[in-house]
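Participant: Sequence:
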Amino acid sequence: MGRKETEEAIADSRAGRVSGRFATVAELLADLNADDTPNIQHGSANVYADLGYPDAGEMLVKTRLVTKIGQAIKAQQLSTEQAATLLGLTPAALHELLTGRFRSQSVNDLERLASMLDEASR
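Counting from 1, position 33 in the sequence shown corresponds to residue 33 in our numbering; the numbering is continuous, with no gaps.
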């Protein structure tokens, strides 16, 4: 589309008219929605396996443990500082953990942290 055609299309749009192959704005929107439909692929329950990670099973376990840790902190209404103190971590280390940077953590360490929060809630 050239400059003149673009300017005409903008003017038509401002006037409530749609130029070109669409008779109405609704037709234009329907066409846009049809053309922009994403290609969705369904995977397994383990995104790490779907992405080909060699340690997919372990990463899934770690993810679930970190989720449990985050939920426990929220349920107990702990601040980041309070939770970090309880777990023997710095607030920065806890933040890293809760924002998905836990690959270097062992499953045993994450289980220990989850257990500490569980015990603190009793």
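The set of hints was computed from the structure by calculation and includes no laboratory data. Glycine included, C-beta positions come from ideal geometry on N, C-alpha and C. Among the hints, erroneous ones may be present.
To be verified - Using 25 Å as the maximum straight-line C-alpha spacing, the simulated DMTMM-like pairs for lysine to aspartate or glutamate come out as follows: (1) Lys4 to Asp50; (2) Lys74 to Asp12; (3) Lys74 to Asp55; (4) Lys68 to Glu8; (5) Lys74 to Glu111; (6) Lys74 to Asp50; (7) Lys68 to Asp118; (8) Lys68 to Glu81; (9) Lys68 to Asp12; (10) Lys68 to Asp50; (11) Lys74 to Asp109; (12) Lys68 to Glu58; (13) Lys74 to Asp118; (14) Lys68 to Asp109.
What the hints assert, rightly or not - Derived DEER-like restraints, expressed as beta-carbon distance ranges: (15) Gly52 to Met116: 46 to 54 Å; (16) Ser44 to Gln82: 55 to 63 Å; (17) His42 to Glu119: 34 to 42 Å; (18) Gln41 to Gly70: 55 to 63 Å; (19) His95 to Glu8: 14 to 22 Å; (20) Ala45 to Lys4: 31 to 39 Å; (21) Ser115 to Tyr53: 49 to 57 Å; (22) Arg101 to Ala11: 27 to 35 Å; (23) Pro54 to Glu8: 55 to 63 Å; (24) Glu8 to Arg64: 53 to 61 Å.
Participant: All hints are to be evaluated individually against the structure, with a verdict given for each.
Facilitator: Status of each hint after checking the structure:
1. About 49 Å separates the Cα atoms of Lys4 and Asp50, which puts this hinted pair outside 25 Å; it is violated.
2. With a C-alpha separation of about 53 Å, the suggested pair Lys74 and Asp12 falls outside the 25 Å cut-off, and the hint is violated.
3. With a C-alpha separation of about 29 Å, the suggested pairing of Lys74 with Asp55 is violated against the 25 Å cut-off.
4. A distance of roughly 57 Å separates the Cα atoms of Lys68 and Glu8; the hinted pair therefore is violated under the 25 Å criterion.
5. Under the criterion of a C-alpha separation no larger than 25 Å, the hint pairing Lys74 with Glu111 is consistent with the structure, at around 17 Å.
6. Between Lys74 and Asp50, the direct Cα distance comes to roughly 30 Å. Violation of the 25 Å bound is thereby established for this hinted pair.
7. At roughly 10 Å between alpha-carbon atoms, Lys68 and Asp118 fall within 25 Å of each other, so this suggested pair holds.
8. This hinted pair checks out: Lys68 and Glu81 have alpha carbons roughly 18 Å apart, not beyond 25 Å.
9. A C-alpha spacing of about 55 Å is found between Lys68 and Asp12, which places the hinted pair above 25 Å, so the restraint is violated.
10. A threshold of 25 Å between alpha carbons decides the hint, and for Lys68 with Asp50 the separation of about 23 Å falls inside it, so the pair holds.
11. Distance restraint check for Lys74 and Asp109: the Cα-Cα separation of roughly 20 Å lies within the 25 Å cut-off, and the hinted pair is therefore satisfied.
12. The straight-line distance between the Cα atoms of Lys68 and Glu58 is roughly 15 Å, inside the 25 Å bound, and the hint therefore holds.
13. With a CA separation close to 12 Å, the supplied pair Lys74 and Asp118 stays within the 25 Å bound.
14. Restraint check for Lys68 and Asp109: satisfied, since their Cα atoms lie roughly 13 Å apart, inside the 25 Å limit.
15. For the pair Gly52 and Met116, the beta carbons lie near 34 Å from each other, so the given range of 46 to 54 Å is not met.
16. With their beta carbons about 37 Å apart, Ser44 and Gln82 fall outside the hinted range of 55 to 63 Å.
17. Take His42 and Glu119: their Cβ atoms lie about 39 Å apart, and the range 34 to 42 Å holds.
18. Separation of Gln41 from Gly70 is about 28 Å and departs from the stated range, judged on CB atoms against 55 to 63 Å.
19. Separated by about 53 Å at the C-beta atoms, His95 and Glu8 break the suggested range of 14 to 22 Å.
20. Separation of Ala45 from Lys4 is about 55 Å and departs from the stated range, judged on CB atoms against 31 to 39 Å.
21. About 26 Å separates the C-beta atoms of Ser115 and Tyr53, a value inconsistent with the hinted range of 49 to 57 Å.
22. Our hint of 27 to 35 Å for Arg101 and Ala11 is violated, since their Cβ atoms are close to 52 Å apart.
23. At roughly 57 Å, the beta-carbon separation of Pro54 and Glu8 lies within the given 55 to 63 Å, and the hint holds.
24. The given range of 53 to 61 Å is respected by Glu8 and Arg64, whose C-beta atoms sit roughly 57 Å from each other.
Hint compliance for this structure: hints 1, 2, 3, 4, 6, 9, 15, 16, 18, 19, 20, 21 and 22 are not met, and every other hint is.
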